[in-house]
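Novice: Residue-level listing of the chains:
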Amino acid sequence: MDFSIRAANVEDCKDIARMIMELAEYEKMADHVKVTQRDLEQDGFSKNPFFHGIIAEVPEQHKTKEGHTKIGYALYFYSYSSFKGRAIYMEDLYVMPEFRGKGIGKALMSKVAQLGLAAGCNQLSFTVLDRNKSSLEFYLSQGCFDITANMGYHCMRCEGEALEHLAQP
Amino acid sequence: MNFKIRAATKEDCKDISRMIMELAAYVKAPDQVKISHEELQGDGFCQNPFFECLVAEVPEEQKSKEGFTVVGYAFYFYTYSTWKGPTVYLEDLYVMPEFRGNGIGTGLLSKVAEVAKKKKQCVHLHLSVLDWNTPSRDFYAAKGAQDLTVTEGIHVLRFDGQNLDNLANEAPKD
Chain C
39 MDFSIRAANV
49 EDCKDIARMI
59 MELAEYEKMA
69 DHVKVTQRDL
79 EQDGFSKNPF
89 FHGIIAEVPE
99 QHKTKEGHTK
109 IGYALYFYSY
119 SSFKGRAIYM
129 EDLYVMPEFR
139 GKGIGKALMS
149 KVAQLGLAAG
159 CNQLSFTVLD
169 RNKSSLEFYL
179 SQGCFDITAN
189 MGYHCMRCEG
199 EALEHLAQP
Chain L
7 MNFKIRAATK
17 EDCKDISRMI
27 MELAAYVKAP
37 DQVKISHEEL
47 QGDGFCQNPF
57 FECLVAEVPE
67 EQKSKEGFTV
77 VGYAFYFYTY
87 STWKGPTVYL
97 EDLYVMPEFR
107 GNGIGTGLLS
117 KVAEVAKKKK
127 QCVHLHLSVL
137 DWNTPSRDFY
147 AAKGAQDLTV
157 TEGIHVLRFD
167 GQNLDNLANE
177 APKD
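Going down the list, the protein sequences come from chains C and L.
Per my numbering, the very first residue in the first sequence carries number 39; after that it's consecutive.
Per my numbering, the very first residue in the second sequence carries number 7; after that it's consecutive.
Everything labelled a hint here was simulated from the structure, so no lab data went into it.
This one's a predicted model, so the numbers in the text were calculated from it and none came from an experiment.
The reader is advised that the hints may include incorrect statements.
In silico DSBU-like cross-links for lysine-lysine, where the CA-CA straight-line distance does not exceed 30 Å [claimed, not checked]:
1. C:Lys72 x L:Lys124
2. C:Lys66 x L:Lys179
3. C:Lys85 x L:Lys16
4. L:Lys117 x L:Lys149
5. C:Lys66 x L:Lys90
6. L:Lys179 x C:Lys144
7. L:Lys20 x L:Lys10
8. L:Lys90 x L:Lys124
9. C:Lys122 x L:Lys126
10. C:Lys52 x L:Lys124
11. L:Lys16 x L:Lys123
12. L:Lys90 x C:Lys85
13. C:Lys122 x L:Lys179
14. C:Lys122 x L:Lys149
15. C:Lys66 x C:Lys171
16. L:Lys179 x L:Lys149
17. C:Lys52 x C:Lys122
18. L:Lys179 x C:Lys140
19. C:Lys72 x L:Lys71
20. L:Lys125 x C:Lys52
21. L:Lys90 x L:Lys71
22. L:Lys20 x C:Lys122
23. C:Lys144 x L:Lys90
24. C:Lys72 x L:Lys34
25. L:Lys123 x C:Lys72
Please model the complete structure; the sequences and the hints are all you need to start from.
Specialist: Pasting the structure below:
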């Protein structure tokens, strides 16, 4: 199937917001999504963006039932390892179900890797839920390393009241 | 014990580098540190820095055995949750062993949370900790951090070295 990968622009935020919800529904966490299209426009396309995006698009003749041609995305930002230096973090990778199995996810992820290397990064990291067996299998088949399973890395998060309390001067 | 928490300057990078090495030894990865204090200077103190850093300083009269007054650091950068918005990632939090138990770690952690909230309206603070590092896990749990690997099954995956090169080589041509 014909598809193209390109950098996201501010006009893509409507489709990105739509696909973020689809990804959240896939992970059974749709009620956790608070970010809106407007937030994405401000946070991703202002002077010091929090993230960058890549969109996968198909030609008109392959559009979905609802008429979408933007059918996948990856969202990433630059991070840093105090041991290894510049790194890149892939926050989301998503392809609409009817377009899977065609190399689009791989193309999106490869593009993130390529952009990372071009920026001097030497690590690409991301997370996956352990119950998401198909995604885990896909990523491992591409040659990545599960540092939680192999090295015992645990992700921790402070939010809500706990974070408010910590942030008090 | 008297101590002060302040934003790191370029000149602190030698001390930060020293303490990164100490942290690496503590997490049993002493040979894993590949970057120098010059790289930290370049990446942390340029126009679009990759990270920010706070240091903890004690007065001269309380300096370490080897004569250091910069005795702890917190290394962090801004990240994004597509569900919740701006977030902050605490890459390192370290206090030299002889200065622990004096509230310096808490001071550094709190300052990161305060700065991230004020500057970027961050709604989450994330970090990673190794499963065998019980003192650190207990420290963060006592501050209200949840272990998402335990509660939600989150795993961190990584591409580096040859695997990263291979992946990048397969990117579609523009």
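Novice: Tell me if the straight-line CA distance from C:Lys66 to L:Lys179 falls inside 30 Å.
Specialist: 35 Å, violated
Novice: Please verify whether C:Lys72 and L:Lys124 have alpha carbons no more than 30 Å apart.
Specialist: Roughly 20 Å between the alpha carbons, so the hint for C:Lys72 and L:Lys124 holds.
Novice: Is the straight-line distance between the alpha-carbon of L:Lys179 and that of L:Lys149 30 Å or less?
Specialist: 47 Å, violated
Novice: Verify the proposed pairing of L:Lys90 with L:Lys124, using a straight-line Cα cut of 30 Å.
Specialist: 17 Å, holds
Novice: Hey, C:Lys66 versus L:Lys90, does the alpha-carbon distance stay inside 30 Å?
Specialist: Since the Cα atoms of C:Lys66 and L:Lys90 sit roughly 16 Å apart, the hinted pair holds (cutoff 30 Å).
Novice: Given the hinted pair C:Lys52 and L:Lys124, is their alpha-carbon gap at most 30 Å?
Specialist: Within the cut-off at roughly 28 Å; holds.
Novice: Under the criterion that the straight-line Cα-Cα distance not exceed 30 Å, is the pair L:Lys20, L:Lys10 satisfied?
Specialist: Status holds; Cα separation ~18 Å.
Novice: Given the hinted pair C:Lys85 and L:Lys16, is their Cα-Cα distance within 30 Å?
Specialist: 24 Å, holds
Novice: Is the hinted pair L:Lys123 and C:Lys72 satisfied, with a Cα-Cα distance of at most 30 Å?
Specialist: 17 Å, holds
Novice: When you check the alpha-carbon spacing of L:Lys179 and C:Lys140, does it fall within 30 Å?
Specialist: 17 Å, holds
Novice: Going straight from one Cα to the other, do C:Lys122 and L:Lys149 come out at no more than 30 Å?
Specialist: 28 Å, holds
Novice: Does C:Lys144 pair with L:Lys90 here, judged by a C-alpha cut-off of 30 Å?
Specialist: Status holds; Cα separation ~26 Å.
The structure fails to meet hints 2, 16, 17, 19, 21 and 24 from the earlier list, while all remaining hints are met.
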